[in-house]
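J.: So the sequences go chain by chain: A, B, C and D. If you count by the UniProt record's numbering, then the first sequence holds residues 1 to 768, one letter each, in order. If you count by the UniProt record's numbering, then the second sequence holds residues 1 to 224, one letter each, in order. If you count by the UniProt record's numbering, then the third sequence holds residues 1 to 77, one letter each, in order. If you count by the UniProt record's numbering, then the fourth sequence holds residues 1 to 77, one letter each, in order.
Calculated directly from the structure, the hints in this document are not laboratory data. Ideal placement from N, C-alpha and C gives every residue a C-beta, glycine not left out. It is possible that part of the hints are untrue.
[Stated by the list, open to error] Cβ-to-Cβ under 10 Å is the rule here; a few derived chain C residues that face chain A: (1) Val4; (2) Val8; (3) Pro10; (4) Pro12; (5) Glu13; (6) Val17; (7) Ala21; (8) Thr23; (9) Arg58; (10) Leu63; (11) Asn66; (12) Ile69.
Listed below are the residues making up each chain.
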Amino acid sequence: MTQSQVPVDSVKHAEATPEQPQPYRELGLKDDEYARIREILGRRPTDAELAMYSVMWSEHCSYKSSKVHLRYFGETTTDEMRSSMLAGIGENAGVVSIGDGWAVTFKVESHNHPSYVEPYQGAATGVGGIVRDIMAMGARPIAVGDPLRFGPLDADDTGRVLPGIVAGVGGYGNCLGLPNVAGEVVFDPSYAGNPLVNALCVGALKTEDLHLAFASGTGNKIILFGATTGLDGIGGVSVLASETFDSATGGTGRKKLPSVQVGDPFTEKVLIECCLELFAAGLVVGIQDLGGAGLSCATSELASAGDGGMHVDLDAVPLRATGMTAAEILSSESQERMCAVVTPENVEAFLAVCRKWDTIATVIGEVTDGDRLVITSQGETVVDVPPRTVAHEGPVYSRPVARDDAKQDALNAGSPESLPRPETPSELRAEILRMAAAPNLASRSWVTDQYDRYVRGNTVAAHGADSGVVQVDESTGRGVAVATDCNARFVALDPYTGAQLALAEAYRNVATSGAVPLAVTDCLNFGSPEDPHVMWQFQQAVRGLADGCAVLGTPVTGGNVSFYNQTGTTAILPTPVVGVLGVIDDVTTAVPAGFAGADGDAVVLLGGTAAEFGGSEWAHEVHGHLGGHPPAVDLEHERRLAQLLAAAAADRALTGSHDLSDGGLAQGLVEAALGGGHGARVDLSGVHDDTFTALFAESAGRVLVTVPADGLDAFLARAGAAGVPALRIGETGGDALDLGEAVGVLSLDELRTSWEATLPARFGAVSV
Amino acid sequence: MSTRVGVITFPGTLDDGDAARAVRRAGAEAVPLWHGDHDLQGVDAVVVPGGFSYGDYLRAGAIAALAPIMTEVVAGAGRGLPVLGICNGFQILCEAHLLPGALVANAGMHFLCRDLVLTVENAQTAWTRDYAAGDQLLIPLKSQEGRYVADAATLDELDGDGRVVFRYRDGGPNGSTRDIAGITNAAGNVVGLMPHPEHATSALTGPSADGLGLFTSVLARVTA
Amino acid sequence: MARVVVDVMPKPEILDVQGQAVTRALGRIGVSGVSGVRQGKHFELEVSDGVDDETLHRLAGTLLANPVIEDWTVTRL
Amino acid sequence: MARVVVDVMPKPEILDVQGQAVTRALGRIGVSGVSGVRQGKHFELEVSDGVDDETLHRLAGTLLANPVIEDWTVTRL
Ligand SMILES: Nc1ncnc2c1ncn2[C@@H]1O[C@H](COP(=O)(O)OP(=O)(O)O)[C@@H](O)[C@H]1O
Ligand SMILES: [Mg+2]
Chain A
1 MTQSQVPVDS
11 VKHAEATPEQ
21 PQPYRELGLK
31 DDEYARIREI
41 LGRRPTDAEL
51 AMYSVMWSEH
61 CSYKSSKVHL
71 RYFGETTTDE
81 MRSSMLAGIG
91 ENAGVVSIGD
101 GWAVTFKVES
111 HNHPSYVEPY
121 QGAATGVGGI
131 VRDIMAMGAR
141 PIAVGDPLRF
151 GPLDADDTGR
161 VLPGIVAGVG
171 GYGNCLGLPN
181 VAGEVVFDPS
191 YAGNPLVNAL
201 CVGALKTEDL
211 HLAFASGTGN
221 KIILFGATTG
231 LDGIGGVSVL
241 ASETFDSATG
251 GTGRKKLPSV
261 QVGDPFTEKV
271 LIECCLELFA
281 AGLVVGIQDL
291 GGAGLSCATS
301 ELASAGDGGM
311 HVDLDAVPLR
321 ATGMTAAEIL
331 SSESQERMCA
341 VVTPENVEAF
351 LAVCRKWDTI
361 ATVIGEVTDG
371 DRLVITSQGE
381 TVVDVPPRTV
391 AHEGPVYSRP
401 VARDDAKQDA
411 LNAGSPESLP
421 RPETPSELRA
431 EILRMAAAPN
441 LASRSWVTDQ
451 YDRYVRGNTV
461 AAHGADSGVV
471 QVDESTGRGV
481 AVATDCNARF
491 VALDPYTGAQ
501 LALAEAYRNV
511 ATSGAVPLAV
521 TDCLNFGSPE
531 DPHVMWQFQQ
541 AVRGLADGCA
551 VLGTPVTGGN
561 VSFYNQTGTT
571 AILPTPVVGV
581 LGVIDDVTTA
591 VPAGFAGADG
601 DAVVLLGGTA
611 AEFGGSEWAH
621 EVHGHLGGHP
631 PAVDLEHERR
641 LAQLLAAAAA
651 DRALTGSHDL
661 SDGGLAQGLV
671 EAALGGGHGA
681 RVDLSGVHDD
691 TFTALFAESA
701 GRVLVTVPAD
711 GLDAFLARAG
721 AAGVPALRIG
731 ETGGDALDLG
741 EAVGVLSLDE
751 LRTSWEATLP
761 ARFGAVSV
Chain B
1 MSTRVGVITF
11 PGTLDDGDAA
21 RAVRRAGAEA
31 VPLWHGDHDL
41 QGVDAVVVPG
51 GFSYGDYLRA
61 GAIAALAPIM
71 TEVVAGAGRG
81 LPVLGICNGF
91 QILCEAHLLP
101 GALVANAGMH
111 FLCRDLVLTV
121 ENAQTAWTRD
131 YAAGDQLLIP
141 LKSQEGRYVA
151 DAATLDELDG
161 DGRVVFRYRD
171 GGPNGSTRDI
181 AGITNAAGNV
191 VGLMPHPEHA
201 TSALTGPSAD
211 GLGLFTSVLA
221 RVTA
Chain C
1 MARVVVDVMP
11 KPEILDVQGQ
21 AVTRALGRIG
31 VSGVSGVRQG
41 KHFELEVSDG
51 VDDETLHRLA
61 GTLLANPVIE
71 DWTVTRL
Chain D
1 MARVVVDVMP
11 KPEILDVQGQ
21 AVTRALGRIG
31 VSGVSGVRQG
41 KHFELEVSDG
51 VDDETLHRLA
61 GTLLANPVIE
71 DWTVTRL
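Isolated chain A, as found in the complex:
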């Protein structure tokens, strides 16, 4: 079938047929939204325009339900916080300066639903999409990460979803040559049927190379480059395909097209090198990645950001499928494509660079004077719109917000205090081994062994560390550290505090590695915004996060909202994943995780411990219990703690450190011992008079550090001066964790066996 056989619903035709029924509801538009489009255009939209508006006004692209809340991030960001920010919310990704003329850009994005439908491709294209966002800032991507959430480890569907998602993250990222340096693997029943695949990417650039989406300069050319455009990912829009137009439920092949996209990491790798060469040669005025909403998004956003109009000719777009309608070309989510604005005199040079990299590049239009986005197909005008109405002036909703008092009060009343606890030393000892093997605490090696953490040769710390540490400038040793975290059970118990605890943990993880926390990104995974109780969780989490950032002085530079994460009417646990990025002046001062120093180093616990078990891993794993209140969060303390850790690291005063979070001090000791390869003798009596509390409470603001014996006094004095509680609880050495008669001795071998067996036992060995 050739293009000319596809009937075109042109603007002229639309004017002539004002009453023609249009399937706007199937496209997800509400009656009033459709009415508004007709009002903007003064006529009915063409199929192509309808496709553009419907996808750009979708929750995913327009943030229509979250906008009113996200504004709060801007309102709470002070000028001082802004001082290091070169680009913030609204750009493809936030950019912060890290000194020496270097800047870094980073962002987390969700690809949850596609990864449930087709785990491998869904996860793979999730990584591909966030990497293009980073490229669109003019940066070289330098690392990726993958916060993941799944249903119960033993659930059947987890056996389908997890291996596919992990293989997809690895398959794409490894082939792209980006080290995977951070992430999470969390299991909870609420994610069964709705796994969370959040992908993180970090990029580095010289401050002067910052590029923003921008299409100004009448006569400048619009160049589409990268992969060809096909039918993948157009899902719903195919109700507009003419041959199925009459039967909304019809069943032609194309109608049944799944909205999955298939990734080609090889093409993206070449696209990265091609883009960087184009930037270096100064051939790019503006650039935009093609992600969700494909050309609809790229053309309308480029045009809106510019000072002129834009004309695009769809006949020039290289297609990989025959008979694509204008609506389909505009909505296609084919991967590995970018769109650039180039001055006429540079077009030849631009195309030459693309030829060198075997990258298809085509001039598809130009910037015009005037203020309209005009798109033609087969010689007819199929789109003629004010671009801002598509890209930025979509609907905005203030959805009802209501705390579910009954449910929330019951949750908070269900205190974990009454849960039966281990008491005798042998019971406590057994509990430590059981927790070490818990799905949420066991070794992640089954996952991380499938990810390349070495490529590019700049990875200083990755899997098993508290944060991923990557060298940015080899000549100075300047680098960045990044960590993502979220204990969604805390958020469920108290969304405001829970979000601050997620922020505090990621912030602490970065400082624990010896870096100074600088900026925040987030990926807000929630249920349906049409449910007032979900909107309450969302609003509370946003406020908690923003207020927390104000106290810590770390701005939210960007992020992503993912709504409608639910199975049936049951929403997932509210999961605002928080990513924190820090700078480290000299990566050789980065502190290794765990007991990495010499035998005889002093083991020091920073921060205080209280009987806090609400939302704890122990309550979840041992009793399947979720109730009470989350641990208290003290952000001023977190700030002092981070300053102490970063300063001590810079002076090389620490031989090792590890954040305490899920599983409490018990799990922290296990990970520190196994990670650093040294045992320790520890006296728990000073931590808390109740041994069980000392071991399993999840009080925030705690870090385990080791210091050389001769440096102990100086360090304790330093902690005292910083106002951070510090207690020597033991010393490293031997091949066992010796917790005294209160608990007994656990050999590193038996700990390792329990800790490492869980995931391989479920999914099979990664190697032979």
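Dock chains B, C and D with the ligands against the given chain A, drawing on the hints supplied.
T.: Chains B, C and D with the ligands in isolation, oriented as in the chain A frame:
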């Protein structure tokens, strides 16, 4: 004047920057070579680095082996030019028939990234003369198709002539035949291995600096 | 005992990246006249005579092919 | 224009891990009577009529298959 070591970049090559860095750390000059050129720029040795050239489509290394630059590498190897293939580079050298056998999917059927210990079995090659036979090197392995296979006759010949250069000390986690991690050609100037010595040239960004010896070995040779 | 062949191909509307790379490589070995190459998987099964077509298709659709992005054919030899 | 199919299979002496994995998985989906599964590659080529068998075999033996580990068959449809 210092030794000049070429590092080839194909579309999809990933570890070229790291290979060049390793060459510099060894005290040589790294010379970028482009897959589409027919010119080795008079280098004294060539590294075919790791990655996913052409996305590993068809077979790992199959399409890259046909690149113009490889015609020159094959000719150079025939004249005794030292050539080192790392990971995807090893696969490319096998596909180009500079080395016998082939590399197929890991027995575990997963991409595998892990630090492991190699035993140096042949310290006579152009790339291993700075080691002693029996040396043990801690080096990362990161590959999807790292299982070395060849017919029995070839394997016996490799073993008989001492052409197995590296073996996995604790057994090949990818199911590699006879735990073979790296081999050499009869002349000893062409070496291929699956693990990544270029990622073990500094304890800061790798598990050790044990891999540097490969890059200094070739130095010693061409300046000798 | 019967021999059954299952061929699995990427759906036509899905980009066949491997096939494209191969097509471009053909020039390298001086082969002309081959315009398009598509790559899929080829399975050979040893099947006892009792096994019916319905079973074979279930097998193909669940284990050998990914119905979301691939089509398949079952041929008894 | 002619349609040509090239099927590439691992040599019998090469351990076919994918095929074995599929064979093991058969039980899980309750399929019995399938004793062995071997996995290879399936290529579909668009070939202009001028191209002779000799060329097709060179194409198969130098590019589509690696003779060290694989056998292949060429079929004109
Ligand atoms: N899916 C994943 N991808 C990459 N790294 C991961 C993943 N899951 C966990 N990790 C890494 O494993 C280690 C432990 O994870 P986690 O327990 O969340 O660390 P922390 O509690 O310090 O945040 C961290 O280094 C984390 O980055
Ligand atoms: Mg954590």
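J.: Determine for every hint whether it applies to the structure shown.
T.: Hint-by-hint comparison with the structure:
At a threshold of 10 Å, the smallest CB-CB gap from Val4 of chain C to chain A is about 25 Å, leaving the interface hint violated. Restraint check, Val8 of chain C versus chain A: the minimum CB separation of about 15 Å is more than 10 Å; hint violated. Interface hint at Pro10 of chain C: satisfied, since its Cβ lies 8 Å from the closest Cβ of chain A, which is below the 10 Å cut-off. A least Cβ separation of about 8 Å between Pro12 of chain C and chain A falls short of the 10 Å threshold, and the interface hint therefore holds.
A hinted interface residue such as Glu13 of chain C counts as satisfied when its beta carbon comes closer than 10 Å to some beta carbon of chain A; here the least separation is about 4 Å, so the hint holds. A least Cβ separation of about 4 Å between Val17 of chain C and chain A falls short of the 10 Å threshold, and the interface hint therefore holds. The beta carbon of Ala21 of chain C is positioned within 10 Å of a beta carbon in chain A (closest approach about 8 Å), and the interface hint is therefore held. Interface restraint check: Thr23 of chain C against chain A, minimum CB-CB distance 12 Å, threshold 10 Å, status violated.
Interface hint at Arg58 of chain C: violated, since its Cβ lies 16 Å from the closest Cβ of chain A, which is beyond the 10 Å cut-off. Nearest Cβ of chain A to the Cβ of Leu63 of chain C: about 12 Å, over the 10 Å cut. The hint is violated. Because the beta carbon of Asn66 of chain C sits about 7 Å from the nearest beta carbon in chain A, less than 10 Å, this interface hint is met. Interface restraint check for Ile69 of chain C: the shortest CB-CB distance to chain A comes to about 6 Å, inside 10 Å, so the restraint holds.
The earlier numbered hints that this structure contradicts are 1, 2, 8, 9, 10.
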